[in-house]
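A.B. asks: Below are the chains, spelled out letter by letter.
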Amino acid sequence: MSSNSTSLKALTEPQVADAPARHEKLGPSSLQVLGNYLLGMGIALVPLALLYNDYYWINILTFAYLMAGLASAWNIIGGFGGQFSLAHGVFFGIGAYFAAQMYLIYGISPWLAMPVGAIIVALIAVLISWPTFRLRGPFFAIATMAFNEVVAVFANYSESITGGARGLLIPFRASFSHMIFVERWKSTLLMFAFMAFVAAISVAIRHSRLGYYLLSVREDEDSARASGVNVVAVKLWGMAISAALTAMGGTLFAMFIRFLDPPTLFSLPEVGVKFALLSLIGGVGTIWGPLLGAALVIPLENFIRATLGGLPGVHLVILGILLMLAARFLKRGIVGALANLHWPQWKSRR
Amino acid sequence: MDNIVTIFIFGLLLGGIYGLVSIGLTLIFGVIRITNFAHGEILMIGMYGTYFVYVWLGLNPYAALIVVVPAMFIVGLLVQRLLIQPLLNEPMMQIFATFGLLIFLENLVLMLTNGAALGIPSEHGTRVISLLNNKVSVAQILAFAASTIIVISLHLFLNQTMMGKAIRAVTQDKRAAATMGINVNRIFLLTFGIGTAITGIGSVFLTPIYTLSPTIGGSFVLAAFAVVVLGGLGSVWGAYFAGLIIGLIESFAGFYIDPTLKSAVWFLIFIAVLIVRPSGLLGIAGAEEVGLREQQ
Amino acid sequence: MNTNFLTVKDVSKNFAGFLAVDQVSFAVAQGEMIGIIGPNGAGKTTLFNMLTGQLRPTAGEVRFRGQLINQMPPHRRARLGMGRTFQIAKPLIALNALENVMIGAFLHRRRLPEAREFAYAILEEIGLANRALRRASELTLSERRRLEVARALALDPQIILLDEVMAGLNASEIEQAIELFHRLHARGLTLLVIEHNLRVVRALSQRVIVLDHGVAIAEGHAEEILRAPEVVTAYLGREREWTTS
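Taken in sequence, the protein lines are chains E, F and Y. Count the first sequence with our numbering and you get residues 1 to 350, in order. Count the second sequence with our numbering and you get residues 1 to 296, in order. Count the third sequence with our numbering and you get residues 1 to 245, in order.
Careful, some of the hints might be misleading.
[What the hints assert, rightly or not] For lysine-lysine, the following DSSO-like pairs were computed, each having C-alpha atoms within a straight-line distance of at most 30 angstroms: (1) Lys174(F) x Lys331(E); (2) Lys90(Y) x Lys174(F); (3) Lys331(E) x Lys90(Y).
[Said to hold, decoys possible] The following label-pair restraints were derived from C-beta to C-beta distances: (4) Val116(E) x Gly164(F): 32 to 38 angstroms; (5) Phe172(E) x Pro259(F): 36 to 42 angstroms; (6) Gln172(F) x Asn59(E): 52 to 58 angstroms; (7) Pro115(E) x Arg127(F): 55 to 61 angstroms; (8) Tyr256(F) x Asn59(E): 45 to 51 angstroms; (9) Gln32(E) x Arg183(Y): 33 to 39 angstroms; (10) Pro263(E) x Thr211(F): 17 to 23 angstroms; (11) Tyr106(E) x Asn3(F): 43 to 49 angstroms; (12) Arg79(Y) x Ser153(F): 55 to 61 angstroms.
To be clear, the hints were calculated from the coordinates, so they are not data collected in a lab. Backbone N, C-alpha and C fix where the C-beta goes; we use that ideal spot for every residue, glycine too.
Take these sequences, add in the hints, and give me the full structure.
C.D. replies: Written out as structure tokens, the structure is:
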């Protein structure tokens with residue numbers, strides 16, 4: 001068994017000695033990666049530091065951070081793994097309802113419910129993905145969309161579990177253990193922490209074996225298989241992690257907004273597709289893309305809603321146009337556009 | 001016993017409606033191999049178009065066919081040329097783009113109609129006749145008839161005309177078709193136009209039956225996908241019969257279990273077919289072919 | 001020396017009535033170089049696909065290192081020590097050459113820096129080190145071929161299956177490739193090679209198996225086989241199959 005490992009090992013040993021200079025060119029070092037991450041998070045924190053007292057902006061900021069985290073979570077399986085999931089609204093919703101009900105019915109702190117909910121959602125995600133991952137491309141998307149629809153209907157239907165169409169209301173009782181705060185900026189900080197957490201996991205995955213495996217699955221499954229990648233396992237892991245993180249975001253959302261109803265949570269354009277859309281505009285499959293996408297689109301959306309709010313649906317019309325234009329002209333998103341400017345040789349010739 | 005007959009008739013008529021909604025979709029699917037997530041919204045604008053033709057021109061809504069169908073054909077050409085064609089090799093971008101179209105169309109209509117619920121008044125929608133001791137809506141019968149006529153006409157078109165045969169050639173193997181001198185891009189354009197026009201016919205016949213809202217497209221699209229998959233991608237007869245089957249299943253399930261569970265029915269059918277028999281009942285293009293790397 | 005390193009016993013593949021491979025049997029010893037030749041459509045690639053797992057045999061047994069691998073999925077066969085190149089080189093185009101090779105390198109090396117190092121070493125051996133950071137979409141055909149080989153080598157394989165890896169290469173590229181494979185073979189790598197090029201077959205095969213219409217019609221040492229009457233007959237009228245360089 002070792003006879004062949006030595007054949008190529010003998011090859012690598014002499015080279016390792018003069019490694020250092022070469023390795024810098026091959027890819028970022030762990031230190032560089034960490035540095036980039038901290039820099040990015042520092043920059044992301046600046047708006048909060050500046051605007052924590054501004055009532056109008058603090059709301060927008062809160063949602064922006066939350067959506068940035070959720071988009072990043074989607075990006076793990078949708079961007080890195082290339083599996084266009086429309087089921088993430090379900091994971092978000094379950095995370096929200098679970099924590100809300102644990103709190104309302106049993107008085108359990110959302111801090112406890114959050115990880116438990118995340119694990120439950122991860123299991124559900126694996127269960128639902130295992131048959132649907134066999135479906136190629138658009139069929140996977142359609143199946144997840146149908147799943148979202150089924151759950152939405154069920155949520156409307158089952159009053160005992162979700163409060164049905166009337167929704168659930170969480171009374172305002174501020175305390176840290178309730179995850180309900182008097183000062184707005186504390187909620188914003190919590191959302192920032194969530195975003196930072198998801199971004200950290202995203203970075204860790206991207207620079208790990210799982211990350212490379214996800215990319216290979218996205219690019220060419222058969223090729224990946226021939227290279228020793230267990231495609232099914234990789235997809236399921238990516239989905240599980242992505243779903244768990246999304247569920248956590250759902251919990252945070254529930255305790256922030258304190259009113260849950262099925263249309264709010266399971267609406268595809270507002271939730272399920274939004275995660276994907278933010279990733280696209282920022283740069284799907286990159287680490288910073290989803291964050292940039294959220295940073296751009298959420299405030300923009302609010303601005304449009306504020307100025308043109310009279311007419312219903314205007315901001316979504318613009319969002320739809322944005323989506324079509326981005327898909328058509330800005331496939332790599334903002335991150336890609338910037339990269340093209342900086343490193344022209346990376347421009348793909350298609 | 002009356003009950004069973006009623007359920008059966010209702011199921012068949014519903015099936016006719018599903019056929020109307022899905023035949024255009026399966027044609028597009030089979031030829032171009034793309035998923036148009038905005039299909040429901042295209043149906044929806046056809047319905048709104050019918051409504052406005054009725055309101056502004058005062059014609060019988062069925063006469064709106066003259067206006068709506070050509071208009072929808074052009075819409076199809078535009079969507080294909082501007083959105084689909086450039087993205088033929090980018091499956092993920094197709095999903096984004098058609099979702100963008102979905103969101104755009106739905107909210108455009110919302111914006112323009114200010115959310116008002118519109119409907120064509122009673123005489124057209126609720127005229128009933130008696131069939132086997134059941135009161136059956138004339139509009140639904142007409143829809144069923146339209147569905148049947150469409151599928152027969154399409155069958156003749158695809159099998160007896162040069163253009164139809166070219167379309168079938170592209171469906172089976174577009175590279176081979178190209179080497180035989182068929183302009184594949186032109187066929188794509190034409191097919192999307194025809195598929196949209198057929199959906200336009202469907203929307204004209206559906207308008208007298210339903211109350212219009214911008215989200216009505218969404219309530220059809222999942223059923224449409226289930227129909228297309230069950231019938232087999234690219235097979236218009238498949239879509240027709242699958243529509244009937246699903247209409248019947250939904251009708252019986254609705255009666256014996258619960259009407260609100262219909263989306264669960266569609267989902268289960270969809271999953272079951274794709275896992276057990278991906279090519280559907282009469283599939284021309286197996287589901288394996290609608291994969292990520294096949295469109296080159 | 002394990003004479004039954006890879007054994008194929010009465011393996012057949014039936015595609016809904018079309019018998020692409022018909023009861024083929026042979027055994028490969030560890031460290032051998034075996035050539036598989038035959039006219040186009042003889043079933044060579046189908047045979048490879050059954051060895052590496054892209055297809056399952058409809059009959060017969062494939063054993064590798066003693067294990068029955070008929071139903072084993074491709075990624076587990078890679079883990080077991082099988083590497084392979086494909087006739088149409090399909091690199092992962094959005095990744096650069098180094099990353100392409102790293103995917104394979106991760107099989108036996110969990111950590112990123114080790115996988116990266118190993119991948120780079122392989123690129124050096126294969127002569128692609130200077131293109132390591134280029135997107136795969138920017139590589140020339142010959143470079144893509146080499147990348148295919150590099151990706152297979154990254155698995156640290158014990159046996160490598162090469163499917164017409166020389167097609168489209170010029171004479172000097174072919175010589176370089178032959179030299180590379182001889183080096184690897186000298187270090188213990190077992191080779192199974194599908195080729196049309198006579199020069200390559202002679203250089204990279206100790207034994208040759210001839211397939212025609214899915215049947216193994218001859219097997220023996222390279223020189224004998226290339227002159228055997230039934231082999232010539234199989235190619236009769238299809239002399240274009242032979243390319244000499």
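A.B. asks: For every hint, state whether the structure bears it out.
C.D. replies: Hints, one by one, checked against the model:
no., hint, result
1, Lys174(F) x Lys331(E), "holds, 26 angstroms"
2, Lys90(Y) x Lys174(F), "holds, 21 angstroms"
3, Lys331(E) x Lys90(Y), "holds, 22 angstroms"
4, Val116(E) x Gly164(F): 32 to 38 angstroms, "violated, 58 angstroms"
5, Phe172(E) x Pro259(F): 36 to 42 angstroms, "holds, 38 angstroms"
6, Gln172(F) x Asn59(E): 52 to 58 angstroms, "holds, 56 angstroms"
7, Pro115(E) x Arg127(F): 55 to 61 angstroms, "holds, 60 angstroms"
8, Tyr256(F) x Asn59(E): 45 to 51 angstroms, "holds, 48 angstroms"
9, Gln32(E) x Arg183(Y): 33 to 39 angstroms, "holds, 36 angstroms"
10, Pro263(E) x Thr211(F): 17 to 23 angstroms, "holds, 19 angstroms"
11, Tyr106(E) x Asn3(F): 43 to 49 angstroms, "holds, 45 angstroms"
12, Arg79(Y) x Ser153(F): 55 to 61 angstroms, "holds, 56 angstroms"
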